[in-house]
Each structure stands twice: as structure tokens, then as C-alpha cells.
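Visitor: Sequence:
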Amino acid sequence: MKTSILTIALMSALCASASWYWPFGGDDEPAEPRLSELMRPATDIIDQASDLAEEGKVSEAVEEYRKALAELARIELENPERAERPEFATLRNKRAYVSAAIDSLLLEQAKRNAKPVAVTDTTELEKKFKKMKEEEEAFKSGRMPETTAEQKKDDRKAKLLLALSDISKKDYESAKLTVKEILSTRPNDAAALNLRARIESEMGDSAAAEMTLTQCITSNPTNPHAFYNLAKLIFRTRGEKGRAAARRYYERSCECGGEKDPDFESELY
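My numbering applies: residue -15 is where the sequence shown begins, and numbers increase by one.
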């Protein structure tokens, strides 16, 4: 099965031609939408926040700007490879503008509310300001906190996207921690296990990657990605001796609904 939020073109550790199997997606991806189209919701939110700021509604404006930051963070997380391209400078500039706008509004609000009547009032204000800044940094980093039970599913997707982004940057230790966090509550999560196997493979531990994929197959016997990835791993590490086993896993992947890989088939048969 495909998960729409994770349709990202990824570089596979095992074979560039099969990158679409780490862990979701397909070779027949539609043309990439323009960045301006992706950012349109964020742009609309920013315009609304600007209007609120002009009306003197500071708290409401800051809230809208925060929503814009969250939207921009989502776009960057869902497009890790494009985020490395020059075109994303526009997004980064917009994010910097929003962050500066929030800082300006909060400082203005702090000055207006900081009355010299009692020192304790200023202290409490500083604490609130610090908390706001910490929340702002969370939005800017893309690590948005879970706030409701309904968001748990979205939180898992965000963590998978974050791990994918870290892998693309070869920040394996960070990716491992994120995947470990997912597996701590979902030990047999197919997507997380496929990602852990990719990390292990790219770090040169093929034996660990094989064990992880075997675990994924055992706990998710109809997951085509694990079968395919194990087929690629075995063929890469064992060569001719692993051809028969790799062929069986590849055929099982197709039986489970996985996409065919003509290039790989030409090597297996």
C-alpha cells in the first residue's frame, strides 16, 4: 500500500533504480508542483496574520504566524530532497520573515505590557516570552509537539519524514533515534523497520539490515517493501550464491502487490 504523505523520491542504499522502495512511493510519480503552489496555504495564512497585526491584534497575529511556520515546516519535511535545492531559498526567506515578524510582535507586546509597577510582573512576562521563543524554535526545527490523541497518527508520519530527511543528509545517528522512538511504541511498524534496515545498510551493517527486514517480514507478512528490500540486500551481499533466495523474495514482493522492477529482474533471471 502507498501512503500519500510519504510519496518522496528517495535514494536507496541498495540500488538507485529501486529508490522508490525505501519505504514507499513509485517510479510513476506525477510532476513536481511548483514551490509557489506548495506554499500557497502558508502565504494565505501570512497575509491574514499581517492584516491582524495591522489591526493591533497581536496575539491573533502571532497565532496565525505560528500556523504559517508549521505549514512551511511541513512542506520542508515532506520534500527533503527538494529542500536541498536552490529553489527552496524562497521558503527559507519566507520562514525568516515570519520568524522576524513574530519576534517583532512579541517584543512590542512585551514593551507594552512591561509596567514598572512591580518587578514580579516583568519576571513573569519574561518567562512567558521565553516559553513563546522555545515554542517558536520547535516550529522552526519542524519538530512540532504532539498535542492531542488524534495527532498521534500525524506525529508518526512526521517522525518518518524527519528520519527520511536525516537519512538524505547522512545524519544516521539522528535518523536512528527518530526510528527508535517510533519502534518504542510500535515495535513492528513496517515503515520504521524498513527505514531502520536502510540506515543499517547505509552504515555498512548488512547483517543487521537483513535481520531487521526478516523481522519486518515476520511481523508484516504482506508488506511488499520488506520482501523487495531483502531481495536487493541478499543479491548485493551474496551475489550469485544469493540469486535464488533473492529471486524468491522479489517474487513474493510482487505477489503482495509490489511494483515490478525490470532492471532488477534482468539481473535475477
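Treat the hints loosely; a few may be bogus.
[As the list claims (entries may be wrong)] Distance condition first, Cα-Cα at most 30 Å in a straight line; then the derived DSS-like pairs of lysine-lysine: (1) Lys225 - Lys143; (2) Lys244 - Lys143; (3) Lys78 - Lys153; (4) Lys153 - Lys225; (5) Lys225 - Lys244; (6) Lys143 - Lys164; (7) Lys51 - Lys141; (8) Lys141 - Lys154; (9) Lys164 - Lys141; (10) Lys141 - Lys225; (11) Lys143 - Lys160.
Derived by calculation from the structure, the hints in this document are not laboratory data. In this text the structure is predicted, and so the values were computed from the model without any measurement.
Visitor: Does Lys164 pair with Lys141 here, judged by a C-alpha cut-off of 30 Å?
Guide: holds, 14 Å
Visitor: Would the hint linking Lys143 and Lys160 be met if the CA-CA limit is 30 Å?
Guide: Between Lys143 and Lys160 the Cα gap is close to 11 Å, so the pair holds against 30 Å.
Visitor: If you draw a straight line from the CA of Lys141 to the CA of Lys225, is it 30 Å or shorter?
Guide: violated, 38 Å
Visitor: Run the distance test for Lys78 versus Lys153: straight-line Cα separation, threshold 30 Å.
Guide: holds, 23 Å
Visitor: Compare the distance between the alpha carbons of Lys225 and Lys143 with 30 Å, and conclude whether the hinted pair is satisfied.
Guide: violated, 37 Å
Visitor: With a cut-off of 30 Å on the C-alpha distance, tell me whether Lys153 and Lys225 pass.
Guide: Measuring from Cα to Cα gives roughly 33 Å; hence the hint is violated.
Visitor: Is the hinted pair Lys143 and Lys164 satisfied, with a Cα-Cα distance of at most 30 Å?
Guide: holds, 10 Å
Visitor: Between Lys141 and Lys154, does the CA-CA distance stay at or below 30 Å?
Guide: holds, 20 Å
Visitor: Between Lys51 and Lys141, is the straight-line Cα distance small enough, at 30 Å or below?
Guide: At roughly 18 Å apart (the allowed maximum being 30 Å), Lys141 and Lys51 satisfy the hint.
Visitor: Taken at face value, is the distance from the CA of Lys143 to the CA of Lys244 at most 30 Å?
Guide: holds, 28 Å
Visitor: Given the proposed pairing of Lys225 with Lys244, does the C-alpha separation stay at or below 30 Å?
Guide: Cα-Cα ~22 Å, so holds.
Checked against the numbered hints listed earlier, the structure breaks hints 1, 4 and 10; every other hint is satisfied.
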